[in-house]
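Construct all of the structure, not just a fragment, from the sequences and the given hints.
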Amino acid sequence: MNIMRCDLRTFRFARCLIAPLFLLLPSFLFLWVGVSFSIENEECLECHGTRDILKMSNEERLEMVIPTPGKREVRKGKLTLFVDYEGFRTSVHKSLKCVDCHSEIAELPHPQRMGIVNCTRCHKEIVEHYEESKHAKVSKRLCFECHNPHTTTPFRRLSMKDRMGICRQCHKEDGHRWLPQRELHFRFLECTVCHAPKAEKGLYFHLTAEGGDGKRITLSYKELKEFTRGYEGNLVKAIDRNGNGNVEVHEINRFIAKLKEGKVRSPRLDAEVLVLRPYHNYTDEVKHIKDCTMCHFKDAPFYDQVMLRVPDERGGLQTVRMDKAIIGKLPPIPSKDYYLTTIHGKSGVECIDCHADLTILREAEEFKVKEMKTPVCEKCHEKVMAEYKNSTHHKVSEKICFGCHDPHSSVPFKELSVEQRKAICVKCHDPQRGHEWLPQKELHFKYLECTMCHAPQAEKGVVFYLQRVGKKGTEERLNYEDLAQLLEMKSPDLVKLLDSNGNGFLEDKEVLSILQLLNVKSRRDTINLGVKVLVLKPSHNYTAKDTKAKDCSLCHSSGAGFYSKLIMEIPEHGSGIRTLPLDKSILAGIHRIPVTSDFYLLGESRISKRDIADLIFVVRKIGYKWLDIIGIFFLLAGLGFVSIHGLIRILTIGIRKRSHKGR
Amino acid sequence: MVTMRREYLHPLPVRIWHWVHGIAIIILVLTGIQIRVPDFFTWFGTFKSAVKIHNIFGFVVLFDYLLWLGFYLVTKQLIRQYVPTIKDYTIGVPSQAAYYFARFFLGDQPPFEPTREEKFNSLQKTTYFGIMFVLVPLQIITGVLLWDLERFHTIVELLGGVRIVDAFHIIMAYVFASFLIVHLYLSSLGHTFFSHHKAMILGYEEREIAEAEPE
Numbered sequence: 001m002n003i004m005r006c007d008l009r010t011f012r013f014a015r016c017l018i019a020p021l022f023l024l025l026p027s028f029l030f031l032w033v034g035v036s037f038s039i040e041n042e043e044c045l046e047c048h049g050t051r052d053i054l055k056m057s058n059e060e061r062l063e064m065v066i067p068t069p070g071k072r073e074v075r076k077g078k079l080t081l082f083v084d085y086e087g088f089r090t091s092v093h094k095s096l097k098c099v100d101c102h103s104e105i106a107e108l109p110h111p112q113r114m115g116i117v118n119c120t121r122c123h124k125e126i127v128e129h130y131e132e133s134k135h136a137k138v139s140k141r142l143c144f145e146c147h148n149p150h151t152t153t154p155f156r157r158l159s160m161k162d163r164m165g166i167c168r169q170c171h172k173e174d175g176h177r178w179l180p181q182r183e184l185h186f187r188f189l190e191c192t193v194c195h196a197p198k199a200e201k202g203l204y205f206h207l208t209a210e211g212g213d214g215k216r217i218t219l220s221y222k223e224l225k226e227f228t229r230g231y232e233g234n235l236v237k238a239i240d241r242n243g244n245g246n247v248e249v250h251e252i253n254r255f256i257a258k259l260k261e262g263k264v265r266s267p268r269l270d271a272e273v274l275v276l277r278p279y280h281n282y283t284d285e286v287k288h289i290k291d292c293t294m295c296h297f298k299d300a301p302f303y304d305q306v307m308l309r310v311p312d313e314r315g316g317l318q319t320v321r322m323d324k325a326i327i328g329k330l331p332p333i334p335s336k337d338y339y340l341t342t343i344h345g346k347s348g349v350e351c352i353d354c355h356a357d358l359t360i361l362r363e364a365e366e367f368k369v370k371e372m373k374t375p376v377c378e379k380c381h382e383k384v385m386a387e388y389k390n391s392t393h394h395k396v397s398e399k400i401c402f403g404c405h406d407p408h409s410s411v412p413f414k415e416l417s418v419e420q421r422k423a424i425c426v427k428c429h430d431p432q433r434g435h436e437w438l439p440q441k442e443l444h445f446k447y448l449e450c451t452m453c454h455a456p457q458a459e460k461g462v463v464f465y466l467q468r469v470g471k472k473g474t475e476e477r478l479n480y481e482d483l484a485q486l487l488e489m490k491s492p493d494l495v496k497l498l499d500s501n502g503n504g505f506l507e508d509k510e511v512l513s514i515l516q517l518l519n520v521k522s523r524r525d526t527i528n529l530g531v532k533v534l535v536l537k538p539s540h541n542y543t544a545k546d547t548k549a550k551d552c553s554l555c556h557s558s559g560a561g562f563y564s565k566l567i568m569e570i571p572e573h574g575s576g577i578r579t580l581p582l583d584k585s586i587l588a589g590i591h592r593i594p595v596t597s598d599f600y601l602l603g604e605s606r607i608s609k610r611d612i613a614d615l616i617f618v619v620r621k622i623g624y625k626w627l628d629i630i631g632i633f634f635l636l637a638g639l640g641f642v643s644i645h646g647l648i649r650i651l652t653i654g655i656r657k658r659s660h661k662g663r
Numbered sequence: 664m665v666t667m668r669r670e671y672l673h674p675l676p677v678r679i680w681h682w683v684h685g686i687a688i689i690i691l692v693l694t695g696i697q698i699r700v701p702d703f704f705t706w707f708g709t710f711k712s713a714v715k716i717h718n719i720f721g722f723v724v725l726f727d728y729l730l731w732l733g734f735y736l737v738t739k740q741l742i743r744q745y746v747p748t749i750k751d752y753t754i755g756v757p758s759q760a761a762y763y764f765a766r767f768f769l770g771d772q773p774p775f776e777p778t779r780e781e782k783f784n785s786l787q788k789t790t791y792f793g794i795m796f797v798l799v800p801l802q803i804i805t806g807v808l809l810w811d812l813e814r815f816h817t818i819v820e821l822l823g824g825v826r827i828v829d830a831f832h833i834i835m836a837y838v839f840a841s842f843l844i845v846h847l848y849l850s851s852l853g854h855t856f857f858s859h860h861k862a863m864i865l866g867y868e869e870r871e872i873a874e875a876e877p878e
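Chains A and B are the protein sequences, given in the same order. Going by this note's numbering, the residue at position 126 of the first sequence is 126; the numbering climbs one at a time, nothing skipped. Going by this note's numbering, the residue at position 109 of the second sequence is 772; the numbering climbs one at a time, nothing skipped.
Misleading hints may appear alongside valid ones.
[Unchecked claim] Listed next, the in silico DMTMM-like pairs over lysine to aspartate or glutamate satisfying Cα-Cα at most 25 Å (straight line):
#: 1; chain 1: A; residue 1: 414; chain 2: A; residue 2: 572
#: 2; chain 1: A; residue 1: 94; chain 2: A; residue 2: 312
#: 3; chain 1: A; residue 1: 471; chain 2: B; residue 2: 702
#: 4; chain 1: A; residue 1: 565; chain 2: B; residue 2: 820
#: 5; chain 1: A; residue 1: 427; chain 2: A; residue 2: 476
#: 6; chain 1: A; residue 1: 532; chain 2: B; residue 2: 820
#: 7; chain 1: A; residue 1: 472; chain 2: B; residue 2: 820
#: 8; chain 1: A; residue 1: 427; chain 2: A; residue 2: 270
#: 9; chain 1: B; residue 1: 711; chain 2: A; residue 2: 628
#: 10; chain 1: B; residue 1: 711; chain 2: A; residue 2: 210
#: 11; chain 1: B; residue 1: 711; chain 2: A; residue 2: 525
#: 12; chain 1: B; residue 1: 711; chain 2: A; residue 2: 569
#: 13; chain 1: A; residue 1: 657; chain 2: B; residue 2: 702
#: 14; chain 1: A; residue 1: 414; chain 2: A; residue 2: 459
#: 15; chain 1: A; residue 1: 565; chain 2: B; residue 2: 811
#: 16; chain 1: A; residue 1: 584; chain 2: B; residue 2: 811
#: 17; chain 1: A; residue 1: 379; chain 2: A; residue 2: 406
#: 18; chain 1: B; residue 1: 711; chain 2: A; residue 2: 583
#: 19; chain 1: B; residue 1: 715; chain 2: A; residue 2: 406
#: 20; chain 1: A; residue 1: 215; chain 2: A; residue 2: 261
#: 21; chain 1: A; residue 1: 389; chain 2: A; residue 2: 406
#: 22; chain 1: A; residue 1: 446; chain 2: A; residue 2: 476
#: 23; chain 1: A; residue 1: 260; chain 2: A; residue 2: 223
#: 24; chain 1: B; residue 1: 715; chain 2: A; residue 2: 476
#: 25; chain 1: A; residue 1: 584; chain 2: A; residue 2: 508
#: 26; chain 1: A; residue 1: 225; chain 2: A; residue 2: 248
#: 27; chain 1: A; residue 1: 661; chain 2: B; residue 2: 869
#: 28; chain 1: A; residue 1: 422; chain 2: A; residue 2: 475
#: 29; chain 1: A; residue 1: 584; chain 2: B; residue 2: 869
Think of the hints as simulated: they come from the structure by calculation, not from any bench.
Here's what the structure looks like:
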């Protein structure tokens, strides 16, 4: 029988039956007793403050209390008769007297076999929640079997590890085999994030750095102390410089920059989802905790509370509110609502299609799941995998697919911008390294994706699109609405308009006549064709260093591969894009008819501002911009001759005058 | 006694050719700079308009060059005026160089006086020969090739690709710019500061001749 519940019932019973008037009398009595005969903690500690009490025999102990034969001993969990008073004085209960909780004791010695402490008197709400829980109903645990009231630390000051320690006194980690990314979940989440669905959660950031062994460690107060100089040793003050109790993104960025200057090894913010206010109704019911979308969707409750936790002088933790904008800096957790908008989600790829072991989630919620295995991409991407497996990338780095691609946010290759495509490679590779040999480096980086050179087998093409060029040379790609407005049509079928003979192929005449029409309608701005060179179909066989990638003639020749594939991108209603092949003769038109304003792909192309800066700094690395270095030498030689000759000419004016007169 | 003598050096077609050519070259250099460093210079508006102007004046130089070549071929002066002889190298170039670098400053008379039949001193002859028979034709050819890569792609490929053709064009452009600076300066080294300029406009060059006093 649950003693706590029994106790509560008695309490309620008393409240209901005895009229308030009757209640008043014992209350006064109690108060009076409390005031006049209050037992000080020191008196209790005479016996309970020393470990000797643990060594006593039962007989010896019995001599110290008033025997109550027949009274049953209550469960004590891990509590002992010894109370570590030093520990108690740092606990959240430090201001309480022993008899405040152990209220049965009115005088000393106290009776043998004390009754259970009634936590409800202070923690009424918690107990009410708890009573509803399986914990209370099935396993019938008592408050102090999980929490030691003599050493309780405020929940907010407990680290994630401490919190999990409470559960793990009884529960082992063994379960959870059904859970995808089990280790990852354990690393970042405390038990109750899932097991207490009603608990209030928040996203907690903390400062970490790279430890000696390459692992990330949370920075301690000792390591951060020197950065609090001028802020009374207070980290929160050092970070929240404007003191508004809210850490803005620039404030934390500035602090991290300071850490970097101070030789802290790659400092950064790491996040964990923590419970802010616990809820004592735990559950292991599948329908609640195995609902991945509790966290994995954009409205997950913890996004409402974004906090920063830093260590304080006393070895504890301080918490300060953080600007929510910081979330934008985080890689998103794979969320289901977002997933449904990705190409995988749209094409109906279900979680279980890749996470084959997850079948259990769909079958009557049983607990028979095997260890999660690596998802098998080649089930669908057979060709890609066959090609990739032979590549140097796979052989050397042994990267598996999702080392580069996030399957939960996959976007069709076609829809990725050059920047986004580059971002995949730049995650590991620094483009500034190893490209010193490349003429017009920044220009290449600006317009080309990595695989343009590094995947010689990829299918490349020239992509044209309609753009508006303003008076100042600003270029703006025209979308469907822009074009409809220009054409003064409500919902024009642009494909039909462009491909007037309807053969699914754009002749240059067709394109030029539309351009002419658009230019007549536009009046102010010029409408012409924008152009870019893109990988149309990627190849996953990337080159190794110093191979084909340095062959300029791959692009810089009229036989370049991409000239064989010319494509026109035509915007459609909505945000869609239709593509139509384009006649090659459009390229011939580039010079005679000003079709494109910026198609200057071939040859030693133009120099950008950045190149000039490069030239000044890297002038020693000859072989780079050699044309201009030689050219400037010519100019300097010419100028040098003129200025030296001119100078001597001025200095010798007198001599010539004299010789002239003499003649 | 000193008398002034007028020597008719530059016939009208040559003068016209010279100024058209000069202006076109200056515009080509300036547009060329904008095309090469488009981030810094916008003298001729957009990049595209700079290319357009560059192309137009490129053809001006092409036709102007043909005019010059035609004139000298018809008047049969080409070889005499422009092709240096061995004598030019053994005697002319050293003495002319010595004049420019030393004797000029002392007020000495130039070792060579231009006549209608032989306008250029040995140094000029050598330079102009290189410019007019090597550099200008090469620059015109590479320029035409770059003007329409699609049309001339077989020739461009034959020459080693766009990068090679383009490199030649750019290096030579720098040489032209450098030549232009030196040319402008040296044009002031006549009898007076402006005597060569006047000659290039009016055709006549005035120069003083020291005549023997009658005894």
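Hints, one by one, checked against the model:
{"no.": "1", "hint": "A:414 <-> A:572", "verdict": "15 Å, holds"}
{"no.": "2", "hint": "A:94 <-> A:312", "verdict": "20 Å, holds"}
{"no.": "3", "hint": "A:471 <-> B:702", "verdict": "16 Å, holds"}
{"no.": "4", "hint": "A:565 <-> B:820", "verdict": "21 Å, holds"}
{"no.": "5", "hint": "A:427 <-> A:476", "verdict": "29 Å, violated"}
{"no.": "6", "hint": "A:532 <-> B:820", "verdict": "23 Å, holds"}
{"no.": "7", "hint": "A:472 <-> B:820", "verdict": "36 Å, violated"}
{"no.": "8", "hint": "A:427 <-> A:270", "verdict": "18 Å, holds"}
{"no.": "9", "hint": "B:711 <-> A:628", "verdict": "22 Å, holds"}
{"no.": "10", "hint": "B:711 <-> A:210", "verdict": "52 Å, violated"}
{"no.": "11", "hint": "B:711 <-> A:525", "verdict": "15 Å, holds"}
{"no.": "12", "hint": "B:711 <-> A:569", "verdict": "23 Å, holds"}
{"no.": "13", "hint": "A:657 <-> B:702", "verdict": "49 Å, violated"}
{"no.": "14", "hint": "A:414 <-> A:459", "verdict": "12 Å, holds"}
{"no.": "15", "hint": "A:565 <-> B:811", "verdict": "21 Å, holds"}
{"no.": "16", "hint": "A:584 <-> B:811", "verdict": "15 Å, holds"}
{"no.": "17", "hint": "A:379 <-> A:406", "verdict": "16 Å, holds"}
{"no.": "18", "hint": "B:711 <-> A:583", "verdict": "23 Å, holds"}
{"no.": "19", "hint": "B:715 <-> A:406", "verdict": "47 Å, violated"}
{"no.": "20", "hint": "A:215 <-> A:261", "verdict": "20 Å, holds"}
{"no.": "21", "hint": "A:389 <-> A:406", "verdict": "19 Å, holds"}
{"no.": "22", "hint": "A:446 <-> A:476", "verdict": "17 Å, holds"}
{"no.": "23", "hint": "A:260 <-> A:223", "verdict": "13 Å, holds"}
{"no.": "24", "hint": "B:715 <-> A:476", "verdict": "22 Å, holds"}
{"no.": "25", "hint": "A:584 <-> A:508", "verdict": "8 Å, holds"}
{"no.": "26", "hint": "A:225 <-> A:248", "verdict": "21 Å, holds"}
{"no.": "27", "hint": "A:661 <-> B:869", "verdict": "19 Å, holds"}
{"no.": "28", "hint": "A:422 <-> A:475", "verdict": "22 Å, holds"}
{"no.": "29", "hint": "A:584 <-> B:869", "verdict": "61 Å, violated"}
The structure fails to meet hints 5, 7, 10, 13, 19 and 29 from the earlier list, while all remaining hints are met.
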